[in-house]
Amino acid sequence: MAPMKLLLVDDESDFLNTLLKRMKRRDVDVQGVDSGEAALAWLETNAVDVVILDVRMPGMDGIEALREIKQRHPLVEVIMLTGHASMEVAIEGMEMGAFDYLMKPMDMDELLYKAEDAFKKKTIHANKIQRMVKDLV
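Heads up: the sequence shown begins at 1 in UniProt numbering, then just goes up one per residue.
Any given hint could be a false lead.
In the EDC-like style, the derived pairs of lysine to aspartate or glutamate whose C-alpha atoms are separated by at most 20 Å in a straight line are [to be verified]:
| no. | residue 1 | residue 2 |
| --- | --- | --- |
| 1 | 70 | 37 |
| 2 | 24 | 135 |
| 3 | 21 | 135 |
| 4 | 104 | 44 |
| 5 | 21 | 34 |
| 6 | 122 | 34 |
| 7 | 5 | 37 |
| 8 | 104 | 12 |
| 9 | 5 | 27 |
| 10 | 5 | 88 |
| 11 | 70 | 116 |
| 12 | 134 | 116 |
By construction, these hints were calculated from the structure, which means they are not laboratory data.
Can you build the whole structure from these sequences, using the hints too?
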């Protein structure tokens, strides 16, 4: 199985840079962008398995970005992050197809565990679709 490719999306540059450094130290294939718009642009030209997406950002917020990601890239799994306890947003995100939801600050091991689970789900879906297409040909 190919290694997981992650995209971190957060407008808080200190948080984003710290998370990127910590993940790269663990040999995670990860990139970071600072907005929902930048995430969509990145996804158009780069293969990504899992997006870790902040809920509250200026411009396109996390919920709007989630909606666009799932519409344009339905196999990409999304984990929502927030520093603000909001069950309504968590429920809305899950209803819109988010894989899971974590509160900031989160434990790095828990985040990576959830990202691995999301990657496994994405891989299973992609393989199933590939088999279905192969059977049709």
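Pairwise hint evaluation, residue 88 against residue 5, where the allowed Cα distance is 20 Å at most:
violated (29 Å)
Is the hinted pair residue 5 and residue 37 satisfied, with a Cα-Cα distance of at most 20 Å?
holds (19 Å)
Pair hint residue 70 and residue 116, alpha-carbon separation not exceeding 20 Å:
Holds, at roughly 19 Å.
Holds or violated: residue 104 and residue 44, Cα atoms, limit 20 Å.
Violated - the C-alpha atoms of residue 44 and residue 104 are around 28 Å apart, more than 20 Å.
Would the pair residue 5 and residue 27 pass a check requiring their Cα atoms to be no farther apart than 20 Å?
holds (11 Å)
Do the alpha carbons of residue 21 and residue 135 lie within 20 Å of each other, as the hint requires?
Since the Cα atoms of residue 21 and residue 135 sit roughly 43 Å apart, the hinted pair is violated (cutoff 20 Å).
Restraint check for residue 122 with residue 34, where alpha carbons must lie at most 20 Å apart:
violated (24 Å)
Satisfaction of hint between residue 34 and residue 21, Cα-Cα up to 20 Å:
Distance ~15 Å between residue 21 and residue 34 Cα, so the pair holds.
Between residue 70 and residue 37, is the straight-line Cα distance small enough, at 20 Å or below?
Cα-Cα ~14 Å, so holds.
Given hint residue 12 paired with residue 104 - CA-CA distance at most 20 Å:
holds (12 Å)
Hinted pair, alpha-carbon criterion (20 Å max): residue 24, residue 135. Please report holds or violated.
Roughly 39 Å between the alpha carbons, so the hint for residue 24 and residue 135 is violated.
Sort out whether residue 116 lies within 20 Å of residue 134, counting only the CA atoms.
violated (27 Å)
Of the numbered hints stated above, those contradicted by the structure are hints 2, 3, 4, 6, 10 and 12, listed in ascending order.
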